[in-house]
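Visitor: Here is how the chains run, residue by residue.
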Amino acid sequence: MSANLLTVSPSPHVHTELTVPQIMRGVIIAMTPALLFSIYNFGLGALYVSFLSVFFCVGIEYGISKYLLKRASTIYDGSAIITGLLLAFNIPSNLPWHIILIGSAVSIGIGKMSFGGLGNNPFNPALVGRVFLLLSFPVQMTSWPVRGITLSLDAITSATPLGILKEGVNMGTSVDVLMQDMPSYLNFFFGMQSGSLGEVSVFALLLGLIYMLYRKIITWHIPVSMLATVTLLSGVFWLQDPTKYASPVFHLLTGGIMLGAVFMATDYVTSPFTHRGMILFGVGIGLLTVIIRLFGSYPEGVSFAILIMNAFVPMINKYAKEPRYGARMKQSK
Amino acid sequence: MLRKRKTKKAMKLHKHKTFKLGGVHPDDQKISSGVAIIALPLPKVVTIPIAQHIGAPAKIVVQRGDMVKVGQIIATHEGFVSSNIHTSVSGRVGVIEEVMDSSGFKHTAISIRVKGDDWDESIDRSETLVEEIKLEPKEIVTCIMNGGVVGMGGAAFPSHVKLSVPEGKHVDYLLINGVECEPYLTADHRIMLEKPKEIIVGIKILMKALGVQHAIIGIEDNKQDAIELFERLLQKESSITVEALEVQYPQGGEKQLIQALLNREVPSGGLPSDVGVIVHNVGTTYAIYQAVQKNKPLIERVVTVTGKSIKQPSNFLVRIGTSVIDLLIAVGGVPEDTGKIVSGGPMMGKAIADLDVPVAKGTSGILVIPKDEASRAEIYNCLHCGKCIEACPMGLEPYHLLLMAKKGNSKRAKEEHILDCIECGSCSFVCPSNRPILDYIRLGKTQIRKEKKV
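Keeping their order, the protein sequence lines are chains A and B.
Per the working numbering, the very first residue in the first sequence carries number 1; after that it's consecutive.
Per the working numbering, the very first residue in the second sequence carries number 1001; after that it's consecutive.
Don't take each hint at face value.
[Unchecked claim] With a Cα cut of at most 25 Å, we get these calculated BS3-like pairs of lysine-lysine:
#, chain 1, residue 1, chain 2, residue 2
1, A, Lys216, B, Lys1015
2, A, Lys318, B, Lys1407
3, A, Lys318, B, Lys1414
4, B, Lys1445, A, Lys321
5, B, Lys1020, A, Lys216
6, B, Lys1208, B, Lys1197
7, A, Lys321, B, Lys1411
8, B, Lys1452, B, Lys1414
9, A, Lys318, B, Lys1406
[What the hints assert, rightly or not] A short list of chain B residues far from chain A (calculated; beta carbon distances all over 12 Å):
#, residue
10, Ala1156
11, Asp1225
12, Ala1330
[As the list claims (entries may be wrong)] Computed spacing ranges between beta-carbons, pair by pair:
#, chain 1, residue 1, chain 2, residue 2, range
13, A, Val249, B, Arg1232, 56 to 64 Å
14, A, Trp220, B, Ala1036, 41 to 49 Å
15, A, Ser9, B, Gly1276, 37 to 45 Å
16, A, Ile210, B, His1214, 39 to 47 Å
17, B, Asp1439, A, Arg71, 21 to 29 Å
Hint data in this document are derived by calculation from the structure and do not stem from the laboratory.
For glycine and all other residues, C-beta sits at the position ideal for the given N, C-alpha and C.
Please model the complete structure; the sequences and the hints are all you need to start from.
Guide: Okay, here's the thing in structure tokens:
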């Protein structure tokens, strides 16, 4: 054997198994329980919407890299699939295809590729798409199908628990009275409620969270700090006036909080680098979510809260640094 | 018996000490740990570089054609931060020319054609343990300097310099580094198992030279046999203790070891002696025992020859200057699918381009990596996952240092403490996007050093 054939490169010569495609695959696996549950819950409409969303997102990313940026396609890293799935998770399962196409185009085109693709976008692409759709098509985006009616894309629609609560409280009805007509907390936990495609089953989302923590894809810092803040802040208001404000358990089990905490806020690209920063980020999202839910005109505020905190990430990165080795010795001198 | 069981149980419940920031867990692959050290047969020729240490290269004092005996000085130290070079074989001095060493650069080396095995008479070659330390502290340092002892953990810093603590600094702890956190390498592990009594005498020599009252041997928990052996041998010694450490890379980094064992942190740009600590590797400690008690200079060392594709991974006692090819032949030749050969461990070792590279004082292992693991994988954009920050044992922000080094912004890189980087490679190891983080950090450090010189 000739010595010339030896590879020479600087150290290290070994590398962890957890690379970008593995991480993306892991996230997709973590999303599977929620997707399966939404198919069970909303019927084939959920599958149809998810498929369209993924198809459009991947297609648009391919098109943009090939014809506009004229460079090697990046679709194989799997991130466009995740954006597509997340967008689907954030929209009703009876949304018409052309609105999904617009949402995908905004998510991938404006939210991601206009900044230079994976890793360069300041805002969560799927949320950029979702909020764009929410502002542009408010009626379609807030007409959720009634759960259990399968195989039909023209299902009867209903409001989400959060929507019912918001409207009821605004009309002056007590929370206790409103709660009587709603499913039990246990039903909420398993997902027997109406809402966007992937957000309804807290149980399925928690399975995903456990899987991602186990695979060390994400750390606990963002989900835990965000959920703890929501619990604390909504708890303070609830204790003060339980007729006007719902309990923290209700807040945790409804709307997009769990989806946001597990899959949206933990997006690597748009969250802070350090553990300290992650905790600040999670606390910020929790605070904004509760404030929007309780005092804003929208019943739900997770998407807005995450996008607003996304804008703070560069600042958090600048100030929330990890302690440096030897730094404390300098201070003592 | 009862006591032993008790300590064992306590050890399991008790979480071992470790460093506080970052760290990674590469697969430790200590496949050669059960193989006893065997002396490699004498090679036909050795090539001894005159710069095997940090500091000035030694000055050659022999000429082509000279006959030399094992242990004879062939190059003397130039200035204080330098080291003597002795011949590791007997025979005739051949060409003195520039050869490529493990750094990939060409450096002057002396080749010696081996004839017999004729040792210098002043060297005590017996195996008898000499426990009594007759020399005074100053004489010990001189003896170590004459013996050409340098740090054998990899950096090859002259040991006598470490022992000459500057005026005004007070050292109260000696740490002995038996961590061997690099995957695959088992040279230190074998020395600890086979020469524990000599190492203990070596520690006492170092303690006497430094005038310290406490010494701690730090050993990673994957070497339970070595930990138990030292615990047993040190039962009656109150000043020397053994501490088991968590298996975590880079536990054996000097700064990390100090943090793990004493919870002290060396200030940025400082030395261990700034916080009252001196650290020596176990292999070095054994070499110091030999230099001081046996008058035997550093002419041979233990080298692990290993790799997944190697049939008989081994630990060899090798004369300095032996070619890597001789070591590989001793384990059955270079496997067919070899893609890369590394001098040292997989995390910090250097890939060599040439099999004629000689074993130097700092060569702890030769690692053979198969083709399918030899090249780097596809690079993706930075995902901002923060895993490099999580992994950095110095608490730096590697992704950020990469960007600044890429832009050539030395000023900002320096402000972000790029010079604190110990080049352990944890950031590059852990990066899911396979980004060449450490490569750029090295570039940034070089830029700063160049600017300093101008």
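Visitor: Confirm or reject each hint.
Guide: Against the structure, the hints:
1. Of the supplied pair hints, the one linking Lys216 of chain A and Lys1015 of chain B holds, its CA atoms being roughly 22 Å apart against a limit of 25 Å.
2. Pair hint Lys318 of chain A plus Lys1407 of chain B holds up; C-alpha atoms about 19 Å apart against a cutoff of 25 Å.
3. For the proposed pair Lys318 of chain A and Lys1414 of chain B, the alpha carbon gap of about 16 Å is at most 25 Å, so the pair holds.
4. A C-alpha spacing of about 21 Å is found between Lys1445 of chain B and Lys321 of chain A, which places the hinted pair at or below 25 Å, so the restraint holds.
5. A C-alpha spacing of about 19 Å is found between Lys1020 of chain B and Lys216 of chain A, which places the hinted pair at or below 25 Å, so the restraint holds.
6. Note on Lys1208 of chain B and Lys1197 of chain B: the hinted pairing holds, with a Cα-Cα distance of about 17 Å set against a maximum of 25 Å.
7. Note on Lys321 of chain A and Lys1411 of chain B: the hinted pairing holds, with a Cα-Cα distance of about 19 Å set against a maximum of 25 Å.
8. Taken as a hint, the Lys1452 of chain B and Lys1414 of chain B pair is honoured in the structure, with Cα atoms around 12 Å apart against an allowance of 25 Å.
9. Between Lys318 of chain A and Lys1406 of chain B the CA atoms are separated by roughly 19 Å; this keeps the pair inside 25 Å, and the hint holds.
10. A cut-off of 12 Å between C-beta atoms confirms that Ala1156 of chain B is not in contact with chain A; the least separation is 16 Å.
11. At roughly 25 Å, the least C-beta separation between Asp1225 of chain B and chain A is larger than 12 Å, which holds for a residue marked as non-interface.
12. Non-interface call for Ala1330 of chain B relative to chain A: holds, since the shortest CB-CB distance, roughly 17 Å, exceeds 12 Å.
13. Distance hint for Val249 of chain A and Arg1232 of chain B: a CB-CB separation of about 58 Å, consistent with the stated range 56 to 64 Å.
14. With their beta carbons about 46 Å apart, Trp220 of chain A and Ala1036 of chain B fall inside the hinted range of 41 to 49 Å.
15. Hint check: Ser9 of chain A to Gly1276 of chain B, Cβ distance near 39 Å, so the stated range 37 to 45 Å holds.
16. Between Ile210 of chain A and His1214 of chain B the CB atoms are about 46 Å apart, so this pair conforms to the stated range of 39 to 47 Å.
17. Under the hint 21 to 29 Å, the C-beta atoms of Asp1439 of chain B and Arg71 of chain A, about 23 Å apart, fit the expected range.
In the structure shown, no violation is registered for any of the earlier numbered hints.
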